[in-house]
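Each residue of the sequence shown is one higher than the last, beginning at 1 in UniProt numbering.
None of these hints come from the bench; they were simulated from the model.
From the three backbone atoms N, C-alpha and C, an ideal C-beta is built for every residue, glycine too.
Be careful, since some hints might not be right.
To be verified - Across the chosen pairs, the derived CB separations fall in these ranges:
no. : residue 1 : residue 2 : range
1   : K182      : D42       : 47 to 53 Å
2   : D42       : R169      : 29 to 35 Å
3   : P75       : S154      : 25 to 31 Å
4   : A156      : G94       : 30 to 36 Å
5   : D183      : T92       : 34 to 40 Å
6   : V178      : E135      : 26 to 32 Å
Said to hold, decoys possible - Within a straight-line C-alpha distance of at most 20 Å, the following computed DMTMM-like cross-link-like pairs (lysine to aspartate or glutamate) qualify:
no. : residue 1 : residue 2
7   : K164      : E153
8   : K182      : E151
9   : K159      : E121
10  : K182      : D157
11  : K164      : D148
12  : K164      : E121
13  : K164      : E135
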Amino acid sequence: MTPITNETNPPTDDVPRRALLRAGALTGALLLVPVGTATAYDFPSTNADNEANGDPFVDVASQDNCEIALEFTNPHGYLACFEVRVDGQTRTSGTEHPVVDGDYIYENYCVTDGTRTETFEATQQVDVRLALGAERDHDFDWVSFGIDACEPESRADCKGGGWKTYGFRNQGQCIRYVNTGKDSR
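Starting from the given sequences, assemble the full structure and let the hints guide the process.
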C-alpha cells in the first residue's frame with residue numbers, strides 16, 4: 001500500500017494511513033479502559049454529613065488509657081452495620097465485601113433505630129466505615145478516631161514486647177516510666 005501524501009497530510013515514515021487510523025482507534029480504546037482507582041466504591045456520604053442530616057453516624061462516647069468507647073447511632077428503622085478496624089489493621093483475606101470491591105468485611109456492629117456503644121482497646125486509632133446494611137445513600141468511607149493517651153500502667157504492660165507498643169526503645173525504659181513517671185522515649 002502506498003502512503004498518502006499531500007500538503008495537508010505529510011508522510012509519516014511511510015506508514016499507510018489505514019494502519020495509522022487502526023492504531024489510533026486501538027490507542028483511543030485503550031485510553032478509555034480504567035487503569036485503577038484509589039477506592040473501589042464511590043462513597044455517597046461522610047460521617048459528618050450523616051450526623052448533620054440525622055442519618056447513621058458514629059461518635060466518641062468516652063476515652064480512657066489505651067481505649068475508646070464509640071457510640072454507633074442509626075435513627076432509622078432499617079439495619080446499618082458499622083465496620084471497625086483497630087490501629088490501622090487491614091484485611092488481606094476473609095469474606096469478600098458485597099459493596100466495596102476488592103475489600104473484605106471487617107468486624108462490624110449493627111444498629112436499627114437506636115444507639116449502641118462499644119469499647120475498643122487501641123494504641124493509636126480506631127477507624128469506622130459504613131458500607132453494610134439496608135441503605136447505600138448513607139455509606140461513608142473510613143473515619144479515624146485517635147486515641148488521646150496510651151501509656152503503660154504496670155510493669156506487666158512492659159513485658160513480652162509490650163514496651164514496643166508504647167514507643168519505648170527497650171523494656172527497661174518502659175519499666176522505669178511505670179516506676180518513676182520519667183519518660184525517656
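Hints and how they fare:
At about 50 Å, the beta-carbon gap between K182 and D42 stays in the expected band of 47 to 53 Å. Between D42 and R169 the C-beta distance comes to about 44 Å, which lies outside the given range of 29 to 35 Å. A C-beta distance of roughly 41 Å is found between P75 and S154, which places it outside the suggested range of 25 to 31 Å. A beta carbon spacing of about 32 Å between A156 and G94 agrees with the range 30 to 36 Å that was offered as a hint.
For D183 and T92, the Cβ-Cβ distance of about 35 Å falls inside the hinted range of 34 to 40 Å, so the restraint holds. Checking the proposed 26 to 32 Å range against V178 and E135 shows it is violated: the Cβ atoms sit about 48 Å from each other. Annotation: proposed proximity of K164 to E153 holds, straight-line Cα distance about 14 Å (limit 20 Å). At roughly 12 Å between alpha-carbon atoms, K182 and E151 fall within 20 Å of each other, so this suggested pair holds.
Between the alpha carbons of K159 and E121 the distance comes to roughly 18 Å, so the proposed pair stays at or under 20 Å and holds. Restraint check for K182 and D157: the C-alpha separation of about 16 Å stays at or below 20 Å, so the hint holds. Restraint check for K164 and D148: the C-alpha separation of about 18 Å stays at or below 20 Å, so the hint holds. Distance restraint check for K164 and E121: the Cα-Cα separation of roughly 16 Å lies within the 20 Å cut-off, and the hinted pair is therefore satisfied.
At most 20 Å may separate the alpha-carbon atoms for a hinted pair to count; K164 and E135 exceed this at roughly 41 Å.
Checked against the numbered hints given earlier, the structure breaks hints 2, 3, 6 and 13 and satisfies all the rest.
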